[in-house]
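**Q** Now for the letters of each chain:
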Amino acid sequence: MSDDLLIYPQRRYGMDHERYEWSMLQDREPVAWPDGKPLALWINISVQHFPLSGEKPRVAPPGALTMPYPDLRHYTLRDYGNRVGIYRLLRLMSEFDAQPSLAVSGALAEHYPQLLERLAATPYEWLGHGWNMLCMHAGEVDSDLEATWIQKTRVALERFTDQSLSGWLSPGRIQTANTPELLMSNGFSYHSDWVNDELPYLFNTERGSMNCLPSCLELDDVFVLTQNLHSEDSFAQQVIDAADLLIKEGGEQGGRLLSLNFHPWLVGQPHRIRTVREILEALLVERGEAIWHAPPGHIIRAAKP
Amino acid sequence: MSALEQRAELALYDYNPYENRPKIEWPNGARLAFWVAPNIEFYELNPPDNPFRKPWPHPYPAVPGYSIRDYGNRVGHQRQMAVLDKYGVRGSISLSAALCEHHPEIIALCAERDWEFFSHGIYNTRYTYGLTEDQEREMIEDAMATIESAVGLRPAGYLAPALSHSDHTIDLFAEAGGLYTCDLFHDDQPTWVKTRSGKPFVSIPYSLELNDTIAYVVQRMEPRRYGEIIRRAFDQLYEEGAESGTVMCIPTHNYQVSCPHRLRAFEEALEYITGHSEVWVTTGREIAEYALTHLKQQIGGDGDAAR
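Those protein sequences? They're chains A and B, same order as listed. Anchor point for the first sequence: position 202 equals 202 in our numbering, and the numbering is continuous, going up by one each time. Count along the second sequence from 1, add 1000, and you get the number used in our numbering.
Treat the hints as calculated values from the structure; they're not laboratory data. Note that the coordinates shown come from a computational prediction; the quantities given were computed from them, not determined experimentally. The beta carbon of each residue, even a glycine, is placed where N, CA and C say it ideally should be. Heads up, some of the hints might be wrong.
Said to hold, decoys possible - To list a few chain B residues with every Cβ distance to chain A over 10 Å, as calculated:
| # | residue |
| --- | --- |
| 1 | D1114 |
| 2 | I1122 |
| 3 | L1184 |
Claimed, not checked - Just a few of them, taken from the derived set where beta-carbon distance is under 8 Å, the chain A residues facing chain B:
| # | residue |
| --- | --- |
| 4 | L5 |
| 5 | H17 |
| 6 | Y69 |
| 7 | R73 |
| 8 | D142 |
| 9 | Q175 |
| 10 | L225 |
| 11 | A242 |
| 12 | E289 |
| 13 | W292 |
As the list claims (entries may be wrong) - Here are the simulated lysine to aspartate or glutamate pairs, DMTMM-like style, with alpha carbons at most 25 Å apart:
| # | chain 1 | residue 1 | chain 2 | residue 2 |
| --- | --- | --- | --- | --- |
| 14 | B | K1054 | A | D3 |
| 15 | B | K1054 | B | E1239 |
| 16 | A | K248 | B | D1085 |
| 17 | A | K248 | A | D4 |
| 18 | B | K1054 | A | D4 |
| 19 | B | K1296 | B | E1240 |
| 20 | B | K1296 | B | D1188 |
| 21 | A | K248 | B | D1188 |
| 22 | B | K1054 | A | D79 |
| 23 | B | K1086 | A | D244 |
| 24 | A | K248 | B | E1267 |
| 25 | B | K1296 | B | E1239 |
| 26 | B | K1199 | B | D1302 |
| 27 | B | K1296 | B | E1243 |
| 28 | A | K248 | A | E286 |
| 29 | A | K304 | B | E1105 |
| 30 | A | K248 | A | E206 |
| 31 | B | K1023 | B | E1267 |
| 32 | A | K248 | B | D1187 |
| 33 | B | K1086 | B | E1101 |
| 34 | B | K1054 | A | D241 |
| 35 | B | K1054 | A | E218 |
| 36 | A | K304 | A | E18 |
| 37 | A | K152 | A | D162 |
| 38 | A | K248 | B | E1228 |
| 39 | B | K1086 | A | E110 |
| 40 | B | K1054 | B | E1175 |
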């Protein structure tokens, strides 16, 4: 057997790569959020386009179509999010005066301009979320092709919003070896793909530093409800338990961050939307004194990573 | 190895039915020896391909798998440690030895608390599969020497990296000076293990059933249910421990149990267990040393020591 199995080229202090420095959350300078609140809350809504046809990527995104063409079942269930679910969520967010961010598939600019006009009429921060849910930034994707996906996503979304996009969330929170450099080249200053922390931190690229604002996978609605198959009530309980622990830690040790990610095609269903209401009620009303709810760009600026 | 050379049955221990065993008595009349085994692991972003097992399900860079495990070390470790401190539990760490080099700050925090460090190989992305016997011996010795050099004490226990084994794993670890294995899940009491060298060697119950990663990733449990199964296991083993001492282990991972939506369930289970008086809150090494010193006959070590 090859001796490679016992050779360890990166065995050294710190990480085994150059993307960021090693440090433990509890050992860093404490972060102070506005008004001395212990917990920052970032809510993201992922507004996604799943094409009916197209070559299946090597890594399937969460929620991918799975049946032979034409997979009407999954295509229309995902499309439900863009027709119905998103409007339920927008209404709730408005009712609670929430400030979610919107991570949007660029292809929606071509398919549903009416939806993007509606989203552009909100005060919410937009993030690039890939061209569509088949364009997975994973593995050996050609670098020029990947650059095109990123660039045309920015161009397409900025036809609707006045914002200059600074944030990016890759479909499935995965990256190629080139993604961070390509994001930098296309003017993005943070991504949310690495789930290795609970605060924003500096992320190195060959074209300079950007930030990573980790988007929590373990409390993502798709992960909890469709992968773990937990009940809606358990989902709400888990979010509340997390908030209570982080509020306590934030008061004792320095500001903490809770990040939530909702998918209109999932929690926008009539039997699930009340869970989102319960979560907003628990966080923004019952725990409002302890929680600073803000858009992701504001959270990064306040954390000064 | 050809199929003919593979053993049909494991020859590491004798069959020993759970009824009518000689009584195990723990120190101070405890019914149950309780230990917590935090796995503190390092997974490589770009490990070499192993022909028998792929380290990651995703192509390089495997951001999803790598980054949540890194979360365990960056965020989860100290969170779990604070809870163990609160309930007076010293962790018995299942340690990727290379973490001594990558993250010595974690080693220092655990050493300050007199936690135990046992070997879990070099990296959890390097498997026993595909190694020759000499290579496996070299890997086991490298891990033992690395940990000994970092903490001043040679590890007593072994949980093979990513639970990957060969026919020689347990023999080699005993020959390297180890006292106990966590790799066998056949019992709720210590068992004498017959190795080819005949050195005193014991299996200490670790538990896959109560392992947080099995519960959360394989069984996909809701956090509070995980807390509930831990309490149920404890109730049963505590009751049986009145007849003959039992062992209970909770193996954890700092990227699972320490997530903010899960820690409460674990903490409540610890509070429950340590709230009982006849519990010996201890470490893997202490159980192994006690068993080999005082319980040789009870654990089946009075027959042929060697295989």
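**Q** All hints are to be evaluated individually against the structure, with a verdict given for each.
**A** Evaluated hints:
no.	hint	verdict
1	D1114	holds, 20 Å
2	I1122	violated, 7 Å
3	L1184	holds, 25 Å
4	L5	holds, 6 Å
5	H17	holds, 5 Å
6	Y69	violated, 25 Å
7	R73	violated, 23 Å
8	D142	violated, 14 Å
9	Q175	holds, 5 Å
10	L225	violated, 11 Å
11	A242	holds, 4 Å
12	E289	violated, 19 Å
13	W292	violated, 17 Å
14	B/K1054 with A/D3	holds, 17 Å
15	B/K1054 with B/E1239	violated, 42 Å
16	A/K248 with B/D1085	holds, 17 Å
17	A/K248 with A/D4	violated, 46 Å
18	B/K1054 with A/D4	holds, 15 Å
19	B/K1296 with B/E1240	holds, 20 Å
20	B/K1296 with B/D1188	holds, 16 Å
21	A/K248 with B/D1188	violated, 37 Å
22	B/K1054 with A/D79	violated, 35 Å
23	B/K1086 with A/D244	holds, 18 Å
24	A/K248 with B/E1267	holds, 15 Å
25	B/K1296 with B/E1239	holds, 23 Å
26	B/K1199 with B/D1302	holds, 13 Å
27	B/K1296 with B/E1243	holds, 18 Å
28	A/K248 with A/E286	holds, 15 Å
29	A/K304 with B/E1105	holds, 24 Å
30	A/K248 with A/E206	violated, 38 Å
31	B/K1023 with B/E1267	violated, 31 Å
32	A/K248 with B/D1187	violated, 40 Å
33	B/K1086 with B/E1101	violated, 28 Å
34	B/K1054 with A/D241	violated, 35 Å
35	B/K1054 with A/E218	holds, 23 Å
36	A/K304 with A/E18	holds, 21 Å
37	A/K152 with A/D162	holds, 16 Å
38	A/K248 with B/E1228	holds, 24 Å
39	B/K1086 with A/E110	violated, 56 Å
40	B/K1054 with B/E1175	violated, 29 Å
Hint compliance for this structure: hints 2, 6, 7, 8, 10, 12, 13, 15, 17, 21, 22, 30, 31, 32, 33, 34, 39 and 40 are broken, all remaining hints hold.
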